[in-house]
Amino acid sequence: MRLALLLLLLLGWALPPSASPAERHLRRARVSLTGPLDGLEVETVGAGSARLELELAAGERRELVVACVPSPLSGEEPPLLKTRGDGAARFEGWIEEDRASEELLASKLSLGLRSRPLPPAPDPGGGGLPTAGLLVALAAFLFVVKLRARALPALGAGALGAGAVFALAVAPGADGASLRLIELEDRGPWALEVSVARSRLAVPAGWHGRLATRPALAPVDVALGDGGPGAVWTLEAGAADLVTFVPLHLGPLDLDRAGSNGLAALAEVWLRSTDGEWSRRGAWPLGAGLPGPKAGAGEPPGWLNPALPQGRTVLIARLLDPQALGDGGPARSATWLRWIGF
Amino acid sequence: MGPGTLALAFALSLGPVVLAALEPGSHAGRAVSHLALALLPWIALAGLPRARAGASAAVVVAAALPALALAAASDASVGLGAERIAVTSGSGLLLIALLSHAAARGRGALYGILWCCLVPGLAALSLAWDLVAGVRSAASVDALGGASPIVWSLAAARGAASPHLALGSGLVLLFVALLAARPSGESEAAP
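In the order they appear, the protein sequences are chains S and L. Going by this note's numbering, the first residue of the first sequence is number 34, and it counts up by one from there. Going by this note's numbering, the first residue of the second sequence is number 18, and it counts up by one from there.
Keep in mind that the hints are not guaranteed to be accurate.
Per the computed footprint, the stretches of chain S lying under chain L, defined by three or more beta-carbons under 8 Å from a beta-carbon of chain L, are [as the list claims (entries may be wrong)]: (1) 163-172; (2) 277-286.
Which bits of chain L does chain S cover? Going by a derived footprint, with three or more residues having C-beta under 8 Å, they are [unchecked claim]: (3) 27-37; (4) 72-84; (5) 114-120.
Derived, one-sided and incomplete: chain L residues facing chain S with beta-carbon distance under 8 Å [to be verified]: (6) P20; (7) L23; (8) L87; (9) G176.
In case anyone wonders, no lab produced these hints; they're calculated from the structure. From a predicted model like this one, the values you see are computed outputs, not experimental measurements. Heads up, the beta-carbon is just placed ideally off N, CA and C, and yes, glycines get one too.
This is chain L alone, in the form it adopts within the complex (with noise of 0.2 Å):
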C-alpha cells in the first residue's frame, strides 16, 4: 500500500465512529461493531495487487492500528464484550498483516486473480445470493461466502463470526504470492 491508499483506507476506517458521534443514538445498532466495519477498508485495500510492492505488512497493521483502538474504544464503551473486542481485533489485524505481506510478494496475473476471486468475488457472490434469495439458509453458501475477507468482517459487526476460513484465504493467497514472489530489492523507497 502507497501513502495514498494508506490514507484512503485509514479514512474510511474512522467513518463508523464518526458517523455515529454525527447522528447521536443512531450507532447503526449499538450492537454492531465499530471496530468490524473499521476493519473493512483495511483488509479491503491491504491485498490489492499493485505493480510495485507498497508498504511492509508490519506498515500496514502500524497504520491501522490508530483508527482501529478508536473503534474498539467506542465498542468497548456501548458494551460490547472484551472477548469479542479482542477476537475481531486479532482476526482483523492477522488478515491485513497476510494480505498486505501477500500483496507486497505478489506478482503476475495469478495472484491478481486469486485476490479477485477470494476476497471480493465471493463477497460479490455471497450478496448476490442474498439479494436473489432473500435470505440465505444454505450452510455451504455461508460458508463459501465466509471465506472472503469481506464477508467475514461484515458478518463480525453483527456478531461472532469464526475468521477460520478467511484467515485461510489469506494464507492461499499469501502461499501463491510467495511462489510467484517478486524480486527482493523492490519494495518502496523511503521519500
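So here's chain S without its partners, still in its complex pose (with noise of 0.2 Å):
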C-alpha cells in the first residue's frame, strides 16, 4: 500500500501540473535565394510549413528570414526547401540567438506565470449548414438545366443564382476571433501574454517564440506573406486550436485597491478576496478609484476562473480597448486580465 502512495506521488511529481499541449517554437531561420523565383515552401516534416511569396529575377541573389515549426519529434534539422520557379535556395540556419532571448524572458517569468490554465479559443462562429444558401443553389442549378438549350438565359440564371448564394451565405467578420490574456502575478512587473484562436492566429510579422496547438503536435503552417511594414505572419493549424506565449514587461503596475486606475480603462471586474469571496465592480475607467460591489453574477465566467490558487486575492477584467497594454501586435477580438495576488 505504502509502495502504491509513493509510486502515485512519484507519478504526480512527473506529470506536468495541468493537462497543458506540448511546447513548440516558432524559429527563425536564415536562407538565401537566387533567382528566378516567384515563391518558397520552408516544409518541416510532420510539422507544417511556411509558405513565402516573392518576385526574384534571374539571377538576383537575396538573404531572407523565414520562420517555420521545427517538429518536436525530429528536432531542429534543418527545413526543407522547395521553391516555385527554376531558382535556388540554401538553408544558411537557424537564428540562434532568438533562443537565448527567449530563455532570457522565460526566466523572468515565474513558476506560478508559466503554469495557469490555458483559455480555450474563442468560437470563430460561421459554422452550420448554410441552408437558404444551398436551396437557392439546388433552385439555380435546376433553372440552368432546363435552359441549357439557350445558352445566354442560362448564363444569366446561373450567375444571378451564384449572386444570390454568395449573398446568402458568407458570413462577415466570422474570421479573426482570437483571445489575449495577460498573465499577471503579485505587482508585477513581468506578464505573460496569452493569445489563442481556432484555426488561424496572426503574429507581428518577425516574431518568434513558444507556441502551442490543441491537439498538441497539430502541424502548423506560416504564411509569410510579402514582409511589408505592418505586416503580420499568419499561423495556420487546420482545426486545432493555436496559442502564443509572449513575455511582456509592463514595468511597476499602477493599479491596486487604495489608489485610482493607471493602468487601462476596465470593462468589466472582478475581485476575489483571500477567503475565496467573489464580487463583481463593473467597470473601471482609467484615472478612477475602484468601484464598489454590484449586484447580479458575483462569479466571473467560468473558463477564467478554473482552480486558481487558494488563498490569495485575484483581480479578473477584460479591458476596454482589446489592443491596449502590450506592444500592439495584431488585433485581437478580447483582452482580459488575470491577476493573482493583486
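Reassemble the complex: the two chains are provided individually, in unrelated frames, and hints are given to aid placement.
Here it is as C-alpha cells:
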C-alpha cells in the first residue's frame, strides 16, 4: 500500500501540473535565394510548413529570414526548401540568438505565471449548414439545366443564382476571433501574454517564440506574406487551437485597491478576496478609484476561474480597448487580465 | 456534359461545404480553399470525351456557378483573401469553359488520348511521384504535375498556385478538338 502511494506521488510529481499542450516554438532561420523565383515553401516534415510569396528575377540574390515550427519529434533539423521557379534556395541556419533571448525572457517569469491553465479558443462562428444558400444553389442549378438549350439565358440564370447564393451564405466577420489573456502576478513587472484562436492566429512579422496547439502535435503552417510594413505572419493549424506566449515587461503596475486606475480602462472587473469570495465591480475607468461591489452574478466567466491558487486575492478584468497594454501586435477580439496577488 | 453528368458534378462540388458543416470546426484546415475543391469535379468532368456534343461551355459554366458561389462564400467567411478567391474562381471558370468547349467540339481517338494524358494522366503521375518519392522536390516534376487541371485545383486548395500550365493544357486540348471538330449540328437537342 505504501509502495503504491509512493508510486502515485512520484507519478504526480513527474506529470505536468495541468494537461497543457506540448510546447513548441516558432523558429526563425536564414535562407539564401537565387532567382528566378516566384515563391518558397519551407517544410518541416510532420510539423508544418511556411509559405513565402516573392518575385526574384533571374540571377538576383537575396538573403531572407523565414520562420517555421520545427518538429518536436525530429528536433531542429534543417527544413526542406521547395522553390517555385527555376532558381535555388539554400538553408543558412537557425537564428541561434532567438533561442537565447527566449530563454532569458522565460527566466523572468515566475513558475506560477508559466503554469496557469490555458484559456479556450473563442468560437470563430460561421459554422453550420448554410441551408438557404444550398437551397438557392439547387434551385439555380435546376433552372440552368432546364434552360440548357439556350446558352445566354442559362448563363444569366447561373450568374444571378450565384450572386444570391453568395449574398446568403457569406458570413462576414466570422474570421479573426482571437482572445488575449494577460497573466499577472503580485506587482509585476513581468507578465505573460497568452493569445489563443482556432485555426488561424496572426503574429507580428518577425515574431519568434513559444507556441502550443490543441491537439498537441497539430501541424502548423505559416503564411509569411510579403513582409511589408505592418505585416503579420499568419499561423494556420487546420481545425486545431493555436496558442502563443509572449513575455511582457509592463513596468510598475499602476493599479491597486486603494489608489486610482493608472493602467488601462477596464470594461468589467471581478475581485476575489483571500477567503475565496468573489465580487463584481463593473467598469473601472482610467483615473478612477476602485468601484464598489455590484449586484448580480458575483463570479467571473468560468473559463477564467478554474483552479486558481487558494488564499490569494485575484483580479479578473476585461480591457475596454483590446489593443491596450502590450506591444501593439495584431488586433484581438478581446483582452482579459488575470492577476493573482492583486 | 449531359444533365446526369451536370448533376453529378453539382452534387460533388457541394461536398466540401456540406462536409465541413457536418463536422463543425474541421473545415479540412481553415486555410484550405473550399472553392478550389469545389472546382475539382467540374474540371474533372467538363472535358470528359463523349459520344455526343452535350451542353455548351456557357451552360456548363452557368451550372457550376451556384455551387462555386457557395464555396466562395465559405472561403470568404473564414477569411481567405479576396484576391485568392478571385484568382481561383476566375482561373477555374476559364478552365471549365476551355475543357467543356473542347469536349463539345472534340471527337476521335486523338482528343480522347490527349485528354487522358493531360487531365487524369498527369494527375496520376504526380500522385505516383508523391507516393514513391515521399516529398516532391524537383521543380520539373512540380511543373509537369501542375499542367494537369486536376493537380492545379488541388494545389490551389492548399495555397496560391499558378494556373498558367493548367490553362495551357486546356488550350492544347481545345486546339486539338477544333482540328478534329465534330459537325456543328451535332449538339444536344433540348428535351
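Which numbered hints are broken by the structure, listed smallest first?
Hint check: 2 and 5 fail, others pass.
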